[in-house]
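Let the sequences and hints guide you as you build the complete structure.
Chains A and B, in that order, give the protein sequences. Residue 14 is where the first sequence starts when you use our numbering, and the numbers rise one by one after that. Residue 6 is where the second sequence starts when you use our numbering, and the numbers rise one by one after that.
These are computed hints drawn from the structure, not numbers from a lab. We treat Cβ as the ideally placed atom computed from N, Cα and C, and that holds for glycine. Check before you lean on any hint, since a few could be wrong.
If you want the footprint, here are the derived chain A segments under chain B, 3+ residues with CB under 8 Å [stated by the list, open to error]:
1) 76-86
2) 129-137
3) 155-166
4) 307-314
5) 368-378
Capping the alpha-carbon separation at 25 Å, the derived lysine-lysine pairs in PhoX-like fashion look like this [what the hints assert, rightly or not]:
6) B/K500 / A/K344
7) B/K235 / A/K314
8) B/K235 / A/K192
9) A/K314 / B/K223
10) B/K148 / B/K51
11) B/K129 / A/K195
12) B/K34 / A/K314
13) A/K192 / B/K35
14) B/K35 / A/K314
15) B/K212 / A/K187
16) B/K24 / A/K80
17) B/K156 / A/K316
18) B/K35 / A/K190
19) B/K480 / B/K51
20) A/K195 / B/K35
21) B/K202 / A/K106
22) B/K156 / A/K80
23) B/K8 / B/K24
24) B/K198 / A/K190
25) A/K80 / B/K212
26) B/K24 / A/K192
27) B/K241 / A/K195
28) A/K344 / B/K35
29) B/K212 / A/K314
30) A/K80 / A/K364
31) A/K187 / B/K35
32) B/K519 / B/K509
33) B/K203 / A/K314
34) B/K223 / A/K192
35) A/K248 / A/K344
36) B/K223 / A/K316
37) A/K187 / B/K156
38) B/K34 / A/K195
39) B/K202 / A/K344
40) B/K511 / A/K316
In case you want the letters, here they are:
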Amino acid sequence: MPQITEITKAGSQRELEMYFGPQHLGMVGNFSITLKVKGDRVLKATANPGYLHRGFEKLMEYRTWIKNFPLVCRINVVEPDSMEMIYAMGVEKLSGLEVPERGHYVRSIFLELARIGSHLFGLWAYANMLGFDTVAQWAMYHRDLVLDLFEELTGGRVYHIYIWPGGVRRDFPKGFKDKIVKTLHSIGSCVPDYDDTFFNNRLFYDRAHGIGRLSQEQAKKLGATGQTLRATGMKYDIRKVEPYAAYDRVEWEVPTREEGDAYSRVLVIRDEMIESVHMVFKLLDAMPDGPVYNRMPNPFKWKIPPGEAYVRCESSRGELGLYMVSNGGDKPYRAHFRTPSYTHGLIILEKALENASIADVGNTMISLYVVAPEIDR
Amino acid sequence: MAKPSILSPFKAIRFLFHKPKTLRYPFEKKEPALRCRGFHLNDWGKCTGCGNCADICPNEAIVMIEIPEIEPKPGIKNERPRLDYGRCCYCGLCVDICPPGALRLSRDYFHIHFDTDTFTFVPKDQDNDNETFLPAEDYSILKASLSHRRKNYEGFTSDLDYALFEPERVSMPEVPAEERKMSFIEQVIGYNKAEAKKEAARCLECKLCEDACPAHLKISDYINAIYEDKPDESLKKIFEDNPIPAICGRICMKYCESACSLSIRGEALAIRWLKRYVSDSIADYKRALELKTPPPTGKKVAVIGAGPGGLSLAYFLVLKGHKAVVFDALDGGGGMLRIGPPSYRLPIESIDKDVNHIASLGVEFRFNVKIGTDVLFEDLLNDYDAVYLGIGTCLSRSTGVKNAEKCVLALDFLMDNKIGELAKVGKEVLVIGGGNVAMDVAREAIRLQQMQYPGEKTVTRTISLEDWDKLPATKEEIEESKEEGIEFNPAWGPKEVALDTEGKIKGLQCKKVKSVFDEMGRFNPSFHEDQEMFLDADMIIEAIGQGPDFSFIPEEMKKNMDFTERRKVKVDENGQTSLPKVFAGGDIVNLNLDAVTAIADAKAAAEGIDKLLVSNKTEVLKPSSTR
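Spelled out as structure tokens, the structure:
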């Protein structure tokens with residue numbers, strides 16, 4: 014009879030195949046990772062998507078330009094607004110439809126609110142996963158306050174169906190500016206509490222520090238964008254590089270960190286939220302009067318001249334792109350999304366998980382802010 | 006960032022003593038936002054059943070279902086949207102496309118039921134459904150469902166600034182009033198290609214117009230062909246139901262535009278002007294249409310009257326291989342349209358364009374021939390296989406007041422100006438009548454005054470029995486007449502034409518109208534005999550309506566001809582009168598008294614005549630219900 018210690022010793026030397034997800038408490042959604050482990054070290058991680066394939070891109074080829082508008086937001090439940098934005102930008106580029114100046118401001122404000130909402134949701138996921146339940150509850154509550162704003166502006170809490178080709182669907186209701194300011198102040202006033210309980214919490218620091226570290230070279234080579242790239246010290250943000258909406262109308266900073274690990278990624282998210290709040294205040298001050306929407310053509314007869322367009326915007330997770338082709342018809346001939354989670358969740362995740370401990374798999378994945386529905390589409 | 010600390014999280018302990026932020030539903034309630042996109046509301050009173058909501062729905066959650074209780078009318082279908090909440094994604098595109106703004110979303114969003122069929126339902130609103138929509142005191146959140154909803158709970162509603170349709174029409178270029186009243190130049194200039202395409206792009210393709218048009222033109226199709234820049238296709242679609250587009254594109258009564266769903270909250274699609282654009286942009290109909298006429302059947306049909314009805318009938322018969330011979334007392338085609346509508350609305354060239362095309366298909370025209378004098382009606386019956394009466398109402402009525410014989414009759418005046426020599430007008434012209442013919446007469450008179458008395462002070466007035474709100478002329482005509490400087494005297498009736506010592510017209514003694522119709526709704530004007538007014542005039546033109554002239558029909562035949570209670574010729578659904586082989590249509594048959602209804606009558610009669618000629622009988626086989 015071998016001794017128990019010998020069994021564990023032998024076991025720790027054996028290679029095992031493990032499935033992380035799709036049913037796993039630490040999993041972000043319908044996504045899984047196949048791990049080859051030895052002891053508690055990951056030898057190789059293989060991302061295994063496909064649980065959430067809904068065929069959006071094909072579906073879009075069968076729907077008229079207007080009918081795609083309520084559809085695209087559903088690609089990503091966490092931050093549907095950047096999806097709406099990218100589709101509207103694509104249609105506007107193909108058809109030459111102009112957006113009024115105020116429309117640009119409303120779009121920017123709306124997208125920044127969405128970014129705050131999305132980051133809070135991400136914060137909830139991260140805190141929840143690591144067992145910081147209090148912080149998770151706070152983040153969820155504060156996200157709800159942002160959703161209240163969305164409900165008032167658009168009539169929907171999650172799927173806003175608001176940014177459409179030509180501008181936005183409705184102007185601010187009466188007194189909405191003050192409500193935004195009030196809500197953002199109440200969220201912003203809690204930043205010290207978040208710092209104390211989460212960002213500056215030694216427990217969290219120890220869990221996140223040094224996890225999933227990427228060098229700037231690696232990040233660039235693997236196609237990282239968003240916080241994943243900015244956490245390696247690179248100032249790269251589509252809002253600055255290729256400004257859209259009203260992002261070039263006000264002054265703002267791109268927050269970065271140097272270490273390139275999970276902890277710095279989270280800190281970039283934190284700083285980004287604060288920067289977004291300031292940006293919204295500046296945009297609200299600078300916002301001109303006027304229309305917010307230039308009427309799009311009759312949706313039943315709308316045909317867009319042949320052409321192709323690649324447009325991109327900075328979603329809360331990184332660069333979001335849309336390549337769309339029109340062959341002169343009433344529907345897109347082809348639409349393809351470049352979603353940040355695709356690179357982050359498939360390529361970078363596999364790289365970042367090399368030699369990680371099993372306990373840090375979920376930790377790493379969430380620090381990369383992988384949103385499964387974006388990968389599959 | 007400060008150095009991470011193990012102690013700092015303990016600061017959060019103080020939140021233990023704060024009031025919880027969580028909402029304890031349902032004891033603590035949260036009102037949905039005012040724009041909340043919940044369940045649908047539909048105002049059945051406004052809904053036209055156009056089906057645009059069903060067309061735009063990205064999830065096919067809306068189907069139009071027939072509601073038998075609703076009486077369909079021109080511009081209103083008896084269909085209403087039915088929602089399937091298994092499919093609806095609450096995007097609200099249906100709200101933004103709804104032309105009347107009837108469909109809205111409410112702030113209700115609860116429905117729990119074991120029966121999945123309850124998730125499909127036909128929305129109404131509180132004005133149409135008192136059982137579902139309850140006041141706050143009767144409403145309970147615990148019972149909330151599609152059949153238990155709250156009153157006054159509007160959510161996401163329509164806003165014209167964000168509507169998915171364009172409510173404003175592409176403005177039609179016109180000659181300004183000051184310039185046009187100096188001559189008979191055509192007032193409406195017509196759309197160019199870009200304008201026509203832009204206007205055609207507004208069409209929502211709901212086809213309410215097609216139901217409203219008496220001739221049921223395929224409006225949606227021909228508008229779409231204009232949008233796609235295929236005028237030939239468009240003309241082909243028009244010619245399926247209407248062979249005189251250059252005429253109808255100018256003077257049609259456009260029932261279609263009154264029914265247009267865009268007209269409810271905006272301006273109707275300019276269907277008439279678009280038809281005109283097609284006919285004007287194609288110089289040679291024949292080349293564009295590529296019509297093929299079948300081999301001749303050897304049958305001959307006499308058509309009396311080359312008006313819109315006669316022209317159309319001849320066209321439809323030729324397409325069936327029958328020979329059509331059209332008789333008319335005037336020197337060209339068009340009938341009443343040749344003499345009635347002034348040149349600034351319908352130039353002779355446009356009429357001739359349509360007539361010449363029909364002639365080029367093999368229709369024989371015999372102009373300057375008056376039936377009853379030049380050719381006898383009996384001879385036509387003997388020589389032809391069928392006869393069509395498209396004679397219209399060509400006799401002007403007179404007021405019959407004292408000295409009325411000194412006045413000029415409207416049709417004589419109009420005819421002289423259009424196809425004869427321009428009439429000599431007075432400096433003070435008075436037109437009796439408030440209909441479209443009266444407007445035509447007055448507007449021609451003001452032009453002639455400008456031409457005959459340049460720089461002198463002249464005036465043209467009208468008097469009419471009807472008051473402002475009841476004037477029979479169209480709003481456009483009244484507006485344009487006002488622009489040109491015509492003075493209106495509504496609610497005044499003629500009493501006596503006053504003459505001077507030489508027997509020339511001095512003016513008109515008028516009396517104030519009490520009411521135009523009696524209690525039974527019949528035309529029977531009554532007057533305030535004590536309120537009188539004298540209008541100076543050196544020329545008075547009577548434009549109070551026209552009647553038909555049946556004098557060419559021999560008396561014994563006329564006795565056998567049936568008339569309706571409204572003194573119209575009685576025809577069956579084939580357009581056949583009570584006389585064998587004799588068909589009729591147009592103003593002598595219908596109450597609309599316009600060109601497009603005459604075309605519709607002619608189309609029905611062409612079918613009837615074809616049936617008769619093919620069956621070789623003297624009557625169409627199945628004489629059924631009369632109209």
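Hint check results:
no.: 1; hint: 76-86; result: holds (count 7)
no.: 2; hint: 129-137; result: violated (count 0)
no.: 3; hint: 155-166; result: holds (count 4)
no.: 4; hint: 307-314; result: holds (count 7)
no.: 5; hint: 368-378; result: violated (count 0)
no.: 6; hint: B/K500 / A/K344; result: 68 Å, violated
no.: 7; hint: B/K235 / A/K314; result: 15 Å, holds
no.: 8; hint: B/K235 / A/K192; result: 53 Å, violated
no.: 9; hint: A/K314 / B/K223; result: 17 Å, holds
no.: 10; hint: B/K148 / B/K51; result: 29 Å, violated
no.: 11; hint: B/K129 / A/K195; result: 38 Å, violated
no.: 12; hint: B/K34 / A/K314; result: 44 Å, violated
no.: 13; hint: A/K192 / B/K35; result: 16 Å, holds
no.: 14; hint: B/K35 / A/K314; result: 41 Å, violated
no.: 15; hint: B/K212 / A/K187; result: 38 Å, violated
no.: 16; hint: B/K24 / A/K80; result: 45 Å, violated
no.: 17; hint: B/K156 / A/K316; result: 41 Å, violated
no.: 18; hint: B/K35 / A/K190; result: 21 Å, holds
no.: 19; hint: B/K480 / B/K51; result: 23 Å, holds
no.: 20; hint: A/K195 / B/K35; result: 18 Å, holds
no.: 21; hint: B/K202 / A/K106; result: 22 Å, holds
no.: 22; hint: B/K156 / A/K80; result: 31 Å, violated
no.: 23; hint: B/K8 / B/K24; result: 31 Å, violated
no.: 24; hint: B/K198 / A/K190; result: 45 Å, violated
no.: 25; hint: A/K80 / B/K212; result: 21 Å, holds
no.: 26; hint: B/K24 / A/K192; result: 22 Å, holds
no.: 27; hint: B/K241 / A/K195; result: 63 Å, violated
no.: 28; hint: A/K344 / B/K35; result: 40 Å, violated
no.: 29; hint: B/K212 / A/K314; result: 15 Å, holds
no.: 30; hint: A/K80 / A/K364; result: 39 Å, violated
no.: 31; hint: A/K187 / B/K35; result: 19 Å, holds
no.: 32; hint: B/K519 / B/K509; result: 30 Å, violated
no.: 33; hint: B/K203 / A/K314; result: 11 Å, holds
no.: 34; hint: B/K223 / A/K192; result: 52 Å, violated
no.: 35; hint: A/K248 / A/K344; result: 37 Å, violated
no.: 36; hint: B/K223 / A/K316; result: 22 Å, holds
no.: 37; hint: A/K187 / B/K156; result: 23 Å, holds
no.: 38; hint: B/K34 / A/K195; result: 21 Å, holds
no.: 39; hint: B/K202 / A/K344; result: 20 Å, holds
no.: 40; hint: B/K511 / A/K316; result: 65 Å, violated
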